[in-house]
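**Q** Okay, here's what each chain looks like letter by letter:
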Amino acid sequence: MSAFLTYLLNGLAVGCAIALIASGLVAIHRVTGVVNFAQGTFAVVAGLCTSSLLGLGFPHGLSELAAVLAAAVAGLLTGLAAIGRRGTTPLSALIVTLGAGVLAYAVEIVLWGDQPRSAPGLAGSVTVAGARIQTQHLLVIGVTAATFVLLALFFGRTYLGKALTACASNPYAARVVGIDVRKMGLLAFALGGLLGGIAGVLVTPLRPISFDTDVTLIVNGFAAAVFGALTRPVITLIGALLLGVAETMAAGYGYGSHQLEVALGLMLVVMIVQASRRSAISLEST
Amino acid sequence: MIRLVAGLLIAAVTLALPAVLDDSALAVYILLGLAAMVTVGVSLLMGYAGQVSLGQGAFYAIGAYTAALLALNGVPPLAGLVAAPVVAALSALVIGTPLLRLRGHHLAFATLAMQLILLSLAGQLEFTGGDIGLQAIPQFSIGSFEAAGAATYAYLTWAGLALVMLVTRNVITSRPGRALRALATSETAAASSGIPVGRYKLVVFALSAAFAGLAGGIYCFYTGYVAPGSFPVLISIQYIVMAVVGGLGTIWGAVVGASAITLLLQALNTLSALPGMPTYAPSVLSYAVYALVLIVVVLFLPQGLLPAVTDRLSRKRRSTPVETR
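Line by line, the protein sequences give chains E and H. Residue numbers for the first sequence, in numbering that gives the first Met the number 0: 0 to 285. Residue numbers for the second sequence, in numbering that gives the first Met the number 0: 0 to 324.
The hints are simulated quantities; they were obtained by calculation from the structure and are not laboratory data. Backbone N, C-alpha and C fix where the C-beta goes; we use that ideal spot for every residue, glycine too. Incorrect hints may appear among the rest.
Residues on chain E that point at chain H, a partial pick, calculated with CB under 7 Å [claimed, not checked]:
id	residue
1	Val34
2	Leu76
3	Ala80
4	Ile94
5	Val101
6	Ala105
7	Trp111
8	Arg131
9	Ile132
10	Gln135
11	Leu137
12	Leu259
Chain H regions said to be covered by chain E (calculated; three or more residues, Cβ under 8 Å) [to be verified]:
id	segment
13	94-100
14	236-249
15	281-287
16	290-296
To spell it out: a stretch of chain H is covered by chain E in this simulated footprint if at least three of its residues, at any positions, have a beta carbon under 8 Å from a beta carbon of chain E; those stretches are [unchecked claim]:
id	segment
17	104-112
18	115-126
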C-alpha cells in the first residue's frame with residue numbers, strides 16, 4: 000500500500016511538470032492558434048541555465064529565477080519568428096517553431112555540450128503515511144499549484160489577462176476594441192516560455208536534462224493538452240496528472256521500458272476519439 | 000523541346016556520375032537519391048493531400064527492417080526489395096485508418112508519436128535485434144548477378160527514384176490527382192462534389208509510405224546493417240525541410256530540395272572537419288542549417304525554391320518584347 004502511495008505522489012509530481020508545459024502550450028494555442036513545437040525547448044533551456052548558474056556559485060532562488068526569465072526570453076524570440084510576420088498560417092507557424100526547436104539544439108550544444116546535466120534540488124525526503132516522498136517532488140507539486148492559482152487570477156482578474164482571453168475568444172472583436180492582437184500573441188509566447196521554464200527548473204534536479212530531452216517533454220505536454228482540446232487549462236491539468244500517474248505506475252509495477260508508449264498511446268486514443276466527434280466544417284471555418 | 004533536351008541532359012548526367020565519382024562522393028550521391036525518393040512522397044502528401052507527416056522516417060525504417068529481415072532469412076534480395084515498399088504501404092493503410100481522421104497539428108503529432116513508438120519497439124523486440132539492430136545483411140543480388148560496388152547501388156537508387164517520380168507524375172496528372180488538389184484546398188467542398196475524401200487521403204498516405212519503404216529497402220542493402228539509431232526523429236524533420244525548400248507539391252522541387260540540403264550539409268561537414276574546428280562542430284552546423292533554412296523558406300519563400308526561381312525566369316521571359324512561342 001505504501002508503495003502505491005509513493006508511486007501516486009511521485010506520479011502527481013511528474014504530472015505537475017507535464018501540466019506546466021501543457022499549460023504553456025494551451026496559453027499559446029488559445030491566443031494565437033499556433034501549436035508551439037518548441038515548448039519542450041524552453042524547459043530544457045531553463046534546466047541547463049540553472050545547472051550552469053548553480054555551478055558558477057550563484058545561490059538557489061536567484062539561479063532559478065534567472066533561468067525562468069531566460070526561458071521567457073526564448074519564448075518571446077520563438078514567438079517573433081512564428082507570428083512576427085503577418086499572414087503566417089498556423090500550420091506554417093508550427094513548422095517555424097519546429098525550426099526554432101532545432102535551432103535551439105545548435106545553441107545548446109555550443110553552450111552546454113551534448114551530455115546530460117543535472118542540478119541539485121531540495122535534498123531529503125518526507126514520510127507520509129508510510130510512504131517516502133522526496134522533498135523535491137513535494138516542491139514540484141506545491142509550485143505547480145501556486146502557478147495555476149496565479150494563472151487563474153491573472154486571466155480572471157487583470158486587464159492584461161482579460162485582453163489575452165479576448166484575443167482567444169474572438170481576435171477580430173478584440174482588434175475592434177483596440178487590443179493589439181499581435182502583441183498579445185507575443186505576450187502569450189513569453190508566458191509559454193515562462194511556464195516551460197518553471198517546469199524545466201523543477202524537473203532538472205529529478206532527472207538529468209540534455210539538449211534532446213525536449214522531444215519527450217513536448218510529446219508528454221501535447222498529450223496532456225489534447226485532453227483539454229488545447230484550449231481548456233483545467234482539463235489539461237487533470238489530463239497531465241492522469242498521465243503522470245499512469246506513467247509512474249507503469250514504471251513502478253515493472254513496465255518501465257514502456258513508459259513512453261503508454262503516454263503516446265493514450266494521446267493517440269484521446270485525439271482520435273475527439274476527432275470523431277467534430278465535423279470537418281467546424282474545423283475548416285476556424 | 001527545351002524540356003525534352005533538359006530532361007535528356009539531366010538523365011545523361013545522372014547516368015554518367017556514378018562512373019566518375021569516387022567512393023565517398025558516391026555515398027553522398029546514393030544518400031541524396033534515397034532522400035529525394037522519400038521527399039517526393041512527403042511533397043505529394045503535404046502539397047497535394049495537405050497533410051503533414053512528421054513520421055515519414057518510420058516508413059523508411061519499416062522498409063529497411065522488412066528487406067533486412069527477409070534477406071537474413073534466406074529470401075532472395077530482390078523479393079525483399081519488392082516487399083519493402085509493399086509492407087510499408089500496408090502498415091500505412093493500417094496506421095492511417097485511425098490516424099487520418101486527424102488533421103493539421105494533431106496529425107503532425109500523431110505521426111511523430113507513431114515513429115517514437117515504432118523506434119522504441121524496434122529497440123526492445125527480440126527479432127529486430129534490439130538497440131544493436133540487424134547486421135551482416137547480404138549484398139543485393141538478382142539471380143547470379145551480385146551488386147558489389149557502390150556504383151551499382153547508385154544506379155539502383157536512381158532507377159528507384161525515376162520510378163517514384165514517374166508514378167507520382169502519373170498520379171498527379173490523372174483524375175484522382177485533380178481530386179487530391181481539390182481536397183487540399185477544402186475537404187468539405189471536395190466531399191460535396193463527390194470525392195471520397197477519406198479513401199483518397201489514405202491512398203496518398205500509403206503511396207508516400209511505399210516510396211519511403213523502397214528507399215529504406217535500398218538503404219539496408221547498401222549499408223549492410225539497420226538499427227533504431229539510423230532512423231532518428233530528426234530524419235523525418237529533414238524530409239520536411241527538403242520538401243519545403245524544394246517547393247511543396249512539385250516533383251522536381253523535391254529532388255532539388257533534397258539535393259540542395261544534402262550538398263549543403265556535405266559542404267558543412269567538410270568545413271567542420273577542418274583542423275581547429277571544435278568536435279561538436281558537425282552536429283551544431285547541421286542543426287543550425289536545418290533550422291535556419293526551414294524558418295527562412297517557410298517565412299519568405301512559402302512556395303519553395305524551385306517555383307520561386309521558375310516564376311522569376313518565366314516573368315523575365317514574358318517581359319521581353321518578342322514572344323517566341
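**Q** At least three residues with a C-beta closer than 8 Å to a C-beta of chain E: is that true for the segment 104-112 of chain H?
**A** holds (count 7)
**Q** Given a cut of 7 Å on the nearest C-beta pair, is the interface hint for E/Arg131 held or broken against chain H?
**A** At about 30 Å, which exceeds the 7 Å cut-off, the nearest Cβ of chain H leaves the hint on E/Arg131 violated.
**Q** Please verify that hint: E/Ala105, Cβ, nearest Cβ of chain H, below 7 Å or not.
**A** Interface hint status for E/Ala105: holds (4 Å vs cutoff 7 Å).
**Q** Are three or more residues of the segment 94-100 of chain H within 8 Å, CB to CB, of chain E?
**A** holds (count 3)
**Q** Mind checking the CB of E/Leu137 against every CB in chain H and telling me if the closest is under 7 Å?
**A** violated (31 Å)
**Q** Do three or more residues of the segment 236-249 of chain H come closer than 8 Å to chain E, measuring C-beta to C-beta?
**A** holds (count 3)
**Q** Let's test the interface hint: is any C-beta of chain H closer than 7 Å to that of E/Ile132?
**A** violated (29 Å)
**Q** Hint E/Ile94 vs chain H: min CB-CB distance below 7 Å?
**A** With Cβ-Cβ at 5 Å, under 7 Å, it holds.
**Q** For the restraint on E/Leu259, tell me whether the closest CB of chain H is nearer than 7 Å.
**A** holds (6 Å)
**Q** According to a criterion of three or more residues whose C-beta lies within less than 8 Å of a C-beta of chain E, is the segment 290-296 of chain H covered?
**A** holds (count 4)
**Q** Using Cβ atoms only, decide whether E/Gln135 comes closer than 7 Å to chain H, and label the hint accordingly.
**A** Violated. Min distance 27 Å.
**Q** Tell me if E/Trp111 is really an interface residue toward chain H, meaning its C-beta lies closer than 7 Å to one of theirs.
**A** Interface hint status for E/Trp111: violated (10 Å vs cutoff 7 Å).
Hint violations for this structure: numbers 2, 7, 8, 9, 10, 11, all remaining hints satisfied.
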